[in-house]
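Engineer: Listed below are the residues making up each chain.
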Amino acid sequence: MEITSSNFNKEELVTQNLRHLFSNYGYSRYTMGKFEPYDIYLANKAFLDDEKIITFTDGTGKLMALKPDVTISIIKNLPATQKSLKVYYSENVFRMRAPNSEYHEIAQMGVEYIGANSCYSEAEIVYLASLSLKTINEDYLLNVSHMGFLSVILENKDLTREQQNEMIEALKAKNSHTLKTLLEKSSLSDEISNSILAMASLNGYYLETLEKAKQICVTAQMEKAYDELLTLYKALENTEVKNYLRLDFSIINDNDYYNGIVLKGFVRGVPKPVLAGGRYDKLMTRFNKPQCALGFALYLGELSRMFAQKNEFDVDSLLLYNENQDVAFVMSAVRILCENGSVRAETFIPNAYTAKNIYSLQDDGTFKEVKPC
Amino acid sequence: MLNIALPKGRLGDKVYSLFASIGYDCTAMKEDNRKLVFTSEEKGVSYLLVKPSDVAIYVEHGAADIGIVGKDTLLEGKNDVYELLDLQLGICNLAVATKNDWKEDLSLPLRVATKYPNVAKEYYSKQSRQIEIIKLNGSIELAPILGLSDVIVDIVETGTTLKENDLRVYEYIVPSSARLIANKSAYQFNSNQIDDICNQLKDKVELK
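Just so you know, the protein sequences line up as chains A and B, in that order. Take the first sequence: its position 252, counting from 1, is numbered 305 in the working numbering, and each next residue is one higher. Take the second sequence: its position 4, counting from 1, is numbered 1332 in the working numbering, and each next residue is one higher.
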């Protein structure tokens, strides 16, 4: 039997198509082991969104981790002299999740573009992120933001660390009412306060929202971020992904790792974001690597339910033989049926099993149709 | 079709009238029956009646697109949702309460009985106070009376229940009221409708 796309389920098909997409744009496959020393994650636990790492000890008593993340291992193993690296990965990662400390195995695919310091590189990553989402579901949206806009909070010396965190949390939840209260309690000027408050409700079509964002730029970093976002748009204006881009300032990544553009992707019908990424030059710096970097990850595990498709029948033909029949005789009967679809040979009808056709193998080599009871 | 999760009970009734007043009424809701889902094809909404503490879970997992929930349960559940509006309904306080004659003993860990273990943990860890949590599901006020705990962390509306049980508010933690929340993905795909609901509700709230 020839292998066709119908042999794959939707999830496998998406994985294949994504691999094809990434390699088409010059990204090569990166694979790695499942077990790593725990200490490389120790200093960067926050990068994993506070999800816990599953650990165990190896034969020598050294603490090991079941790979919780791919980006960190790629960066760690990167020679500081390598100017550019374009890779994609398709791996299962392991995390322990609150509140019940359940173990999770998460299928993750992603792209890393190391040495990405041009405007083109940003456009390419955003373009690839959009196409990846489209591969999963035509009805998708890619939200873009820029950490430069948040510098007005995160690098504001008039705010304590706690105030900054509270404001970021409120912004992430589009929680204008709490943000307003926090701003009133702070010593920030009205101009800056209004700019921050406006961010909580700034979201929508990319260009339209960007025009509004221009009005609230109160620092040089915000101006710079605005320029970068505009350049990015112009690069993608003539592509098919243009209409799927949104600007949304509630999309915020950890400031210790990310700078520049931030991405979050959604597809209709999946309650959580399926794509996350952005520019993470700061993470590179933490590993003493001089390169810039961009990347995104796709959380395919979130999709398995969306893809779960019910076939009407478990098998095309169920062939019932009896134990007195000659083995070679049964074998040849199975092979004949197999030419026209899937077949399962049994001596009885398995419980709760459905087949398009149920045949009973007659001693003269014919198939007699059996009605399911 | 927009799925709206409402908390069963008094707060849910109030919130439903608010939604009805901005044009999202659903005639089936007026019939007194035991149904949990009410759909109005014409208005394009479905109301789901769920336990108040479950509203945020329905919304976070996308079973409901938006919902109404008390800030107290949001703080406890730390659900990853958008919190779009303070409806100024069901106003109360999360507070530490204890017996009228109780005196704090700083040499021992504090025993805290509560329905809100996460809120309690966070509140006391900010003060570096060691606590022992006793998770209860109801009649929390009994705990200090019977010596099960030193204090309770619970919501206080008028304080009548406390007074009638010889208890008093020891410290206020944070004010709470009903909030409009939205699923982060559903919001992206229905932002026009959700923003419209949010703005209309906001006008109603500000009128009061």
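Some clues are possibly wrong.
In the DSS-like style, the derived pairs of lysine-lysine whose C-alpha atoms are separated by at most 27 angstroms in a straight line are [unchecked claim]:
1. B:LYS1406 <-> A:LYS98
2. B:LYS1431 <-> B:LYS1536
3. B:LYS1532 <-> A:LYS233
4. B:LYS1406 <-> A:LYS225
5. A:LYS238 <-> B:LYS1536
6. A:LYS233 <-> B:LYS1530
7. A:LYS409 <-> A:LYS424
Pairwise CB distance ranges, derived in the manner of DEER restraints [said to hold, decoys possible]:
8. B:LYS1431 <-> A:ILE93: 27 to 33 angstroms
9. A:TYR156 <-> B:ASP1408: 17 to 23 angstroms
10. B:LYS1342 <-> A:GLY322: 30 to 36 angstroms
11. B:GLU1485 <-> A:GLU65: 50 to 56 angstroms
If you're looking for bench data, these hints aren't it; they were derived computationally from the structure. Backbone N, C-alpha and C fix where the C-beta goes; we use that ideal spot for every residue, glycine too.
Engineer: Are the hints correct? Go through all of them and say.
Structural biologist: To see whether the hints hold, each was checked on the structure:
1. With a C-alpha separation of about 20 angstroms, the suggested pair B:LYS1406 and A:LYS98 falls inside the 27 angstroms cut-off, and the hint holds.
2. Taken as a hint, the B:LYS1431 and B:LYS1536 pair is broken in the structure, with Cα atoms around 41 angstroms apart against an allowance of 27 angstroms.
3. With a CA separation close to 19 angstroms, the supplied pair B:LYS1532 and A:LYS233 stays within the 27 angstroms bound.
4. Between the alpha carbons of B:LYS1406 and A:LYS225 the distance comes to roughly 13 angstroms, so the proposed pair stays at or under 27 angstroms and holds.
5. Distance hint between A:LYS238 and B:LYS1536 is fulfilled; the C-alpha atoms sit about 24 angstroms from each other, no more than 27 angstroms.
6. Taken as a hint, the A:LYS233 and B:LYS1530 pair is honoured in the structure, with Cα atoms around 15 angstroms apart against an allowance of 27 angstroms.
7. A C-alpha spacing of about 11 angstroms is found between A:LYS409 and A:LYS424, which places the hinted pair at or below 27 angstroms, so the restraint holds.
8. About 50 angstroms separates the C-beta atoms of B:LYS1431 and A:ILE93, a value inconsistent with the hinted range of 27 to 33 angstroms.
9. Hint check: A:TYR156 to B:ASP1408, Cβ distance near 20 angstroms, so the stated range 17 to 23 angstroms holds.
10. In this structure, B:LYS1342 and A:GLY322 meet the distance hint of 30 to 36 angstroms, their C-beta atoms being roughly 32 angstroms apart.
11. One distance hint, 50 to 56 angstroms for the beta-carbon pair B:GLU1485 and A:GLU65, holds here, with the actual separation near 55 angstroms.
Hint check: violations occur at hints 2 and 8; the rest are consistent with the structure.
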